[in-house]
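Student: Chain by chain, the residues run as shown.
Protein chains: 2
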Amino acid sequence: MANEYQLILDNICRYISLTDEEKQIFTALLTRRSLKRGEFLLTEGMICRYSAFVLSGCLFGYSIDRDAAEHIVSFAPPDWWIADMYSLISQQPSTMNIRAHEASEILLLSRADQEKLFIAIPKFERFFRILTEKSLVANQQRLIDNLSLSAEERYKNFTLRYPTLVHHLPQKQIAAYIGVTPEFFSKMKSKLS
Amino acid sequence: MANEYQLILDNICRYISLTDEEKQIFTALLTRRSLKRGEFLLTEGMICRYSAFVLSGCLFGYSIDRDAAEHIVSFAPPDWWIADMYSLISQQPSTMNIRAHEASEILLLSRADQEKLFIAIPKFERFFRILTEKSLVANQQRLIDNLSLSAEERYKNFTLRYPTLVHHLPQKQIAAYIGVTPEFFSKMKSKLS
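Residue numbers (our numbering), protein chains in the order written: chain A, 1 to 193; chain B, 1 to 193.
So that you can see chain A by itself, here it is in the shape it has in the complex (with noise of 0.2 Å):
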């Protein structure tokens, strides 16, 4: 069991302690799935049921505007969560898409099974709670970021935010996150450096 949970009891672990049955009845709970290059996790529209725990590769979370601009809400790399959190909790269609932006290999947490968790082992409402304020606070500041800061200010948090995917990933994508044309941050890329 230790190698394939790894990662993700230790991500669990910087929150709560876990003894090693409480660990056993949390990754029973988990679903292993490859990604493909390109291939969706979740489309807008869907309703969202599954947390999910990157192990490998990353994936990205964005949405599509009237003017069919995408706007990548939040990038997944390895040691992280994704989720459309909103759809996730109401049940809602959802907002995003989310999609591999290349292999991947993910754990899934079904919302039900999450339910379960809570009454099997209720240290995890803590670990829950403490992701949900996170995803809370990062969704405002992405809001205030937008409103307040200016484009290289907005890259200096990318690269402070995901310091592993700065020369991972093409610029078109950290183009798409930070909210500007391809062709601005080029220029702004040469400007800075």
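Treat the hints loosely; a few may be bogus.
No copy labels: a pair is met if it fits in one copy or bridges any two.
[To be verified] Listed next, the in silico BS3-like pairs over lysine-lysine satisfying Cα-Cα at most 30 Å (straight line):
#1 Lys-116 with Lys-172
#2 Lys-36 with Lys-123
#3 Lys-36 with Lys-172
#4 Lys-134 with Lys-36
#5 Lys-156 with Lys-191
#6 Lys-156 with Lys-189
#7 Lys-187 with Lys-36
#8 Lys-116 with Lys-189
#9 Lys-116 with Lys-23
#10 Lys-172 with Lys-156
#11 Lys-123 with Lys-23
#12 Lys-23 with Lys-134
#13 Lys-116 with Lys-134
What the hints contain is simulated information worked out from the structure, not anything from laboratory work.
We have chain A already, so just place chain B on it with the hints.
Tutor: Positioned in the frame of chain A, the structure of chain B alone reads:
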């Protein structure tokens, strides 16, 4: 104790069960405060240190845009919680104001005491996990409604969300929540009735 704290204990016991001793530990952490009509509980730029639970009166949270227009984010009649959750969790400066619409009585729980509560009575993790989830969903739903619903549909959602406030608040405030001018709101209501 029963009378003063009955409303907040009933609110909590919708999600978790508490023994008499646990109720006493919890209520000992609360501070009661009276707000005059128009008084501020939080102003933009301050750090939000408290969750407020409304016993009587009504509070509202709002932000001011670049054109000095007031956008009401949420109302809190009796039996509702209100805070700038983003600021409370991240301890970053608040992006909204919270103010009493009329003379109000509230109970305050500080973020520091909330952390103590989680240690003393871990069941509160569940209560605040659910409260945080509801807050995240409500924020997102407001964004979606503002982008996708007509003013009439947004008014209908307001009446469903706050049935006690429909005849209680001045039209100007309901208009600021729906995101229309008072003049437009007045015409819309005549048309609807």
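Student: State for each hint whether it applies.
Tutor: Hints and how they fare:
no., hint, verdict
1, Lys-116 with Lys-172, "neither (41 Å within a copy, 46 Å between copies)"
2, Lys-36 with Lys-123, "neither (34 Å within a copy, 41 Å between copies)"
3, Lys-36 with Lys-172, "within (20 Å within a copy, 53 Å between copies)"
4, Lys-134 with Lys-36, "within (28 Å within a copy, 34 Å between copies)"
5, Lys-156 with Lys-191, "within (14 Å within a copy, 50 Å between copies)"
6, Lys-156 with Lys-189, "within (11 Å within a copy, 47 Å between copies)"
7, Lys-187 with Lys-36, "neither (32 Å within a copy, 54 Å between copies)"
8, Lys-116 with Lys-189, "neither (48 Å within a copy, 46 Å between copies)"
9, Lys-116 with Lys-23, "both (14 Å within a copy, 26 Å between copies)"
10, Lys-172 with Lys-156, "within (16 Å within a copy, 41 Å between copies)"
11, Lys-123 with Lys-23, "both (12 Å within a copy, 20 Å between copies)"
12, Lys-23 with Lys-134, "both (23 Å within a copy, 28 Å between copies)"
13, Lys-116 with Lys-134, "both (22 Å within a copy, 19 Å between copies)"
Violated hints for the displayed structure, listed by number in ascending order: 1, 2, 7 and 8.
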